[in-house]
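Could you build the full structure based on these sequences and the hints that come with them?
Protein chains: 2
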Amino acid sequence: MPKTELFNREEILHKCADLFHRKGYNATSMQDLVDTTNLNRSSLYNSFGNKRGIYVESLKFYKDKSSQSVQSFLLDSKTPLSALESIFNYAINSGKNGCLLSNCATEMANMDEGIKRFLEHNGDQMEELFENIVTKGQLNGNFNYKRTAKEYATYLFSALQGIRVTSMITDNKSKLDSLVKTTLSILY
Amino acid sequence: MPKTELFNREEILHKCADLFHRKGYNATSMQDLVDTTNLNRSSLYNSFGNKRGIYVESLKFYKDKSSQSVQSFLLDSKTPLSALESIFNYAINSGKNGCLLSNCATEMANMDEGIKRFLEHNGDQMEELFENIVTKGQLNGNFNYKRTAKEYATYLFSALQGIRVTSMITDNKSKLDSLVKTTLSILY
Numbered sequence: 001m002p003k004t005e006l007f008n009r010e011e012i013l014h015k016c017a018d019l020f021h022r023k024g025y026n027a028t029s030m031q032d033l034v035d036t037t038n039l040n041r042s043s044l045y046n047s048f049g050n051k052r053g054i055y056v057e058s059l060k061f062y063k064d065k066s067s068q069s070v071q072s073f074l075l076d077s078k079t080p081l082s083a084l085e086s087i088f089n090y091a092i093n094s095g096k097n098g099c100l101l102s103n104c105a106t107e108m109a110n111m112d113e114g115i116k117r118f119l120e121h122n123g124d125q126m127e128e129l130f131e132n133i134v135t136k137g138q139l140n141g142n143f144n145y146k147r148t149a150k151e152y153a154t155y156l157f158s159a160l161q162g163i164r165v166t167s168m169i170t171d172n173k174s175k176l177d178s179l180v181k182t183t184l185s186i187l188y
Numbered sequence: 001m002p003k004t005e006l007f008n009r010e011e012i013l014h015k016c017a018d019l020f021h022r023k024g025y026n027a028t029s030m031q032d033l034v035d036t037t038n039l040n041r042s043s044l045y046n047s048f049g050n051k052r053g054i055y056v057e058s059l060k061f062y063k064d065k066s067s068q069s070v071q072s073f074l075l076d077s078k079t080p081l082s083a084l085e086s087i088f089n090y091a092i093n094s095g096k097n098g099c100l101l102s103n104c105a106t107e108m109a110n111m112d113e114g115i116k117r118f119l120e121h122n123g124d125q126m127e128e129l130f131e132n133i134v135t136k137g138q139l140n141g142n143f144n145y146k147r148t149a150k151e152y153a154t155y156l157f158s159a160l161q162g163i164r165v166t167s168m169i170t171d172n173k174s175k176l177d178s179l180v181k182t183t184l185s186i187l188y
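Read top to bottom, the protein sequences are chains E and Y.
Taking this note's numbering, the leading residue of the first sequence gets 1, the next gets one more, and so forth.
Taking this note's numbering, the leading residue of the second sequence gets 1, the next gets one more, and so forth.
Where hints are given, some of them may not hold.
Derived DSSO-like pairs: lysine-lysine, alpha-carbon spacing no greater than 30 Å straight-line [unchecked claim]:
#1 Y:Lys63 - E:Lys181
#2 E:Lys173 - Y:Lys15
#3 E:Lys136 - E:Lys181
#4 Y:Lys15 - E:Lys181
#5 Y:Lys136 - E:Lys96
#6 E:Lys96 - Y:Lys150
#7 Y:Lys181 - E:Lys23
#8 Y:Lys150 - E:Lys63
#9 Y:Lys63 - E:Lys150
#10 Y:Lys181 - E:Lys136
#11 Y:Lys146 - E:Lys78
#12 Y:Lys96 - E:Lys60
#13 E:Lys51 - Y:Lys63
#14 Y:Lys150 - Y:Lys15
#15 Y:Lys60 - E:Lys63
#16 E:Lys175 - Y:Lys15
#17 E:Lys63 - Y:Lys175
#18 Y:Lys136 - E:Lys146
#19 E:Lys175 - Y:Lys51
Covered stretches of chain E (in silico footprint by chain Y; criterion: 3 or more residues with CB under 8 Å from a CB of chain Y, positions within the stretch not fixed) [said to hold, decoys possible]:
#20 18-24
#21 52-58
#22 94-107
#23 114-124
#24 144-152
No lab work stands behind these hints, which were simulated from the structure alone.
C-beta: ideal position from N, C-alpha, C; glycine also.
Next up, the structure:
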């Protein structure tokens, strides 16, 4: 059983998630993690097992933080469309590192079945959230019924990932703004 | 100046591109490249400079092969919609490794300006191709004019990347089929 941790776990995971977000899994060494956290190797191994353990906990940390952001957008939005606009605009304005979970998918999903399942589960949760938003928009007459709310939800999650990739290869802000508008215009 | 190469460059790049496609850049070692090509290190260094050199040539090789596939879809398709369907269906049926260029974007674009420019240039070319297809569909009355052909082209390229990421985290074939249908339905 691990000894009592003498550090702030939240703070440590924040630093590790930032590092993995910037460099990816394979380019990040244990020494990088030691340097970024100012913890020694044995503390890290005691608490997380190995590099993959730190990575998986960092993914969960990032996912929880992202969910909190999304929830705050929902609370602040007056309409289903403006909720979606907030989520998608956030995606194109979060810097050049893209989304840690999309980056993880392309780097790891084909090599690590456990991580793939984690990502699929995260996708299911995001789709459930999108389905609720689209259903509201369909019921209040803002959105069309050409596709079911579930079909639109799958579409929105996939499109969001595409937009994160696109925003990593171009700095053309007006192009990204227009891309978000086009993507959401399918709904109305 | 490099000595005359005593190997089939096309065949070697095919093997290297397959390896990078499966493992990514950072997880692939020079030893992996030696093992997969059956060439010694000095031959590889003479011809490509370093690991990044092999990677960049592999990206170009993959891009050219992908362009050839896309061109053959265009020749075989009777309508703009069926051309797009072929391209998108190919994307969800090409295996669990996703797209080498999308994977490259999420792993490398934020760390390597030269590779980022290569990917952006590739994106521009794909968008040009999509713009031509959409323009034809708009002129023949199959596609709507709610957005310009250029806007739809940006959307299609980004959506295609999203679909490649999505197809890495789920094996649900009917969900992916439905995703392609929804994505293209914006056009008609």
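With the threshold set at 30 Å, check whether the alpha-carbon distance from Lys181 of chain Y to Lys23 of chain E stays at or below it. Not satisfied, since the Cα-Cα distance of roughly 35 Å exceeds 30 Å.
For the stretch 114-124 of chain E, do at least 3 residues have a Cβ located nearer than 8 Å to some Cβ of chain Y? holds (count 4)
Are Lys51 of chain E and Lys63 of chain Y close enough, with their CA atoms no more than 30 Å apart? violated (33 Å)
Taking a Cβ-Cβ distance under 8 Å as contact, does the stretch 94-107 of chain E have three or more residues in contact with chain Y? holds (count 8)
Given the hint that Lys175 of chain E pairs with Lys15 of chain Y, test it: the Cα-Cα distance must not exceed 30 Å. violated (36 Å)
For Lys60 of chain Y and Lys63 of chain E, compute the direct alpha-carbon distance and say whether it is at most 30 Å. Violated, at roughly 34 Å.
Is it true that the CA of Lys96 of chain E sits at most 30 Å from the CA of Lys150 of chain Y? This hinted pair holds, its Cα atoms lying about 24 Å apart.
Is it true that the CA of Lys146 of chain Y sits at most 30 Å from the CA of Lys78 of chain E? holds (25 Å)
Holds or violated: Lys63 of chain Y and Lys150 of chain E, Cα atoms, limit 30 Å. At roughly 34 Å apart (the allowed maximum being 30 Å), Lys150 of chain E and Lys63 of chain Y break the hint.
CA of Lys63 of chain E to CA of Lys175 of chain Y, is that 30 Å or under? With Cα atoms ~23 Å apart, Lys63 of chain E and Lys175 of chain Y stay inside 30 Å; holds.
Given the proposed pairing of Lys150 of chain Y with Lys63 of chain E, does the C-alpha separation stay at or below 30 Å? It is violated: about 34 Å lies between the C-alpha atoms, which goes past 30 Å.
Would the pair Lys136 of chain E and Lys181 of chain E pass a check requiring their Cα atoms to be no farther apart than 30 Å? Within the cut-off at roughly 19 Å; holds.
Going through the hint list in order, the structure does not satisfy hints 2, 4, 5, 7, 8, 9, 13, 14, 15, 16, 19 and 21.
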